[in-house]
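Could you slot chain B onto chain A? The hints should help.
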Amino acid sequence: MKTHEYQAREILQGYGIPFPAAQVASTPEEAEAAAAGLGGAVVVKAQALVGGRGKAGGIKRAATPSEAREAAAAILGAPLKGRPVRKVLVAQAVTVVREYYVGAVLDRSAKAITVMVSAVGGMDIEEVARTSPGSIVRVSADPLLGLADYQTRELARAAGLAGDQARAFRAMIAALFTAFLANDCTLLEVNPLALTETGVFAALDAKMIIDDNALARQPGLAALHDPETDEPAEAEALKVGVSYIELEGNVGCLVNGAGLAMATMDVIQLFGGEPANFLDIGGGARVEQVRGALRILFHDPCVRAVLVNIFGGITRCDVVAQAVVDAFAPGEVTVPVVARLVGTNAAEGRAILDGTAVVLADTMNEAAKKAVELAGGRPGGSAGLAGPGDAPPAAGGMAP
Amino acid sequence: MSILVTGDTRVLVQNITGLEGRFHTKQMLAYGTRVLAGTAPGHGGETVAGVPVFESVREAVEATGVNATVSFVPARFAGDAIVEAADNLIPLIVCISEWIPVLDMVKICAHVKAKGCRLVGPNCPGIMTPGCCKLGILPGDIFMPGPVGIVSRSGTLTYEIAGALTRLGVGQSTCVGIGGDPIIGTTFVDVLSLFQEDPQTRAIALIGEIGGSDEEEAAAFIAEKVTKPVVAFVAGRTAPPDRRMGHAGAIVTGGRGTAADKIAAFQRAGVKVCDSTDETAEMVVRLLAGPTA
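Protein chains in written order, with the working numbering: chain A, 18 to 417; chain B, 1341 to 1633.
Because the hints were derived from the structure by calculation, they are not lab data. Owing to the predicted nature of the structure, the values given are computational and were not obtained by experimental measurement. Heads up, the beta-carbon is just placed ideally off N, CA and C, and yes, glycines get one too. You can take every hint at face value.
Here are a few chain A residues that face chain B, going by a calculated C-beta distance under 7 Å:
(1) L123
(2) R125
(3) E143
(4) P160
(5) D201
(6) A231
(7) A275
(8) G276
(9) L277
(10) V284
(11) Q286
(12) P292
(13) T380
So here's chain A without its partners, still in its complex pose (with noise of 0.2 Å):
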């Protein structure tokens, strides 16, 4: 999960990293009242879950209380790479001398947590890796031991830093990682740290990441998710008791198990269609939950086919079947289905579907190849066999 700046700020001022003075505003007005409470030159920060705010004008310097208005009207009057714009933070400008990266992440080949400053700060890190890679230093902590006082040391030397400045640092580092470890973090960044013409640090930015399995133990953090990041149909799947994406192609796909999933996506694409979805219906699915996401998929206007793809070990195929031909009853189906099911009770559900409008295969190439088909190749492509209106005969037909 990822929290807002203005929330991960707040939670790292607790560790003592110092940002500057900031007010949340939801509206123009409450940017400028606060604008004003801070004094001179502030900065208007979209609050939304994308990376190159600033790049994409969500990030707007105002000299005045009526500039930050203005600055906080435009910024909450439009999305932001798509995605709405509730709150603007509003923070004090500070004039900056240098700026540094740090940041700590999970780092799964090292099976550890990494810390890594540069004195190439203010631009993505990714970015940074790039054009002076040279420059990231990184260190990794110990998973029993954690980040031992030398290896900050060392950090702070590597920035360039020495007396109070590399003590400051030091500290900062050191909070950084504590506040890592105790928030069940797999990114924490603090990007850019600005080091002021008065000689102190100020972090202008941070970027946490929560580990999903920790929420269940941190309900505080549970707490911070905002519901308005989330996509309408993806909370839907949620609820549902699945794992669902949306993406933007044309074939729906329905199918158990995560690598099975991205892999049926994969040749849905190889026989040139685009998947509508990545969906895992998960181990032992029931009816009710796979009537769910099939529900899911049939509201998804882009979706021109549905291809059911099921491997059966916990997860019966016949229970899929089932729920297949359970939505087919009210109408629900508005596009070609095609169905292939191996594994357990895979001959249970061949028969049910046996005879109903589902077109059957036996591989999952052949399964895509003929979804991509029916869904009328890639999207935008010229008109398939099935538009909307050419559903399948409905129910008479269908039943068992």
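Coordinates of chain B only, in the frame set by chain A:
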């Protein structure tokens, strides 16, 4: 021969009295696996499918001498169950459980290593040596004994490729599901080095997916150390960035961990990369038949 398990492996099931533990204990027994003990706090003295249940791993080890464990312990307690197994020096710990917080796994992996034990998983389907032993939830009937080693981050894709190989009349030496989480005990490189040493294994199918750099590390290892033919499949070519595709570990972040990067790394290492699971199985069979001009 096979890797990790043999017909003599003596198996413990942690949380044997849970729904999954009960079901899969019966499945493992039916497959011929020597499940000798189970644990479930509060259920000591009971039996599940004739298998005695103990209060703790220590008691189970003392009474039965188990040397491998399969854990079906729910996420909240699953990390603790791994620690308990490692503290009792069980050499092979297979954790099926999903949703363990990753920072817990960072510590647990270090602890397991310090104890000299091996962890497979979490969030994995387990290990299968066809006709001999299975530790986990893999469906027995799609496998058969033979020369192909399979190592995979995905359960269902393991089944796809094993099933396709079996249909083509080619069996498997051992199939290892290493798990779909970002932090896992056993990586591709670990399993590849075991397959390289295993006389039964004559070819290897590697099933990767987006996220992390395990595949890239595997490719480098293959180029340097593996002399047996390896065929790879990488799922997630069409996955959008910054979205977790079901598995916690299947996510492209900051432009890293894409399928294209992984495929390129394998190709540079001389590994054949296939577009579909069926094609992967066919390619393995072709390479087994011997080098072609």
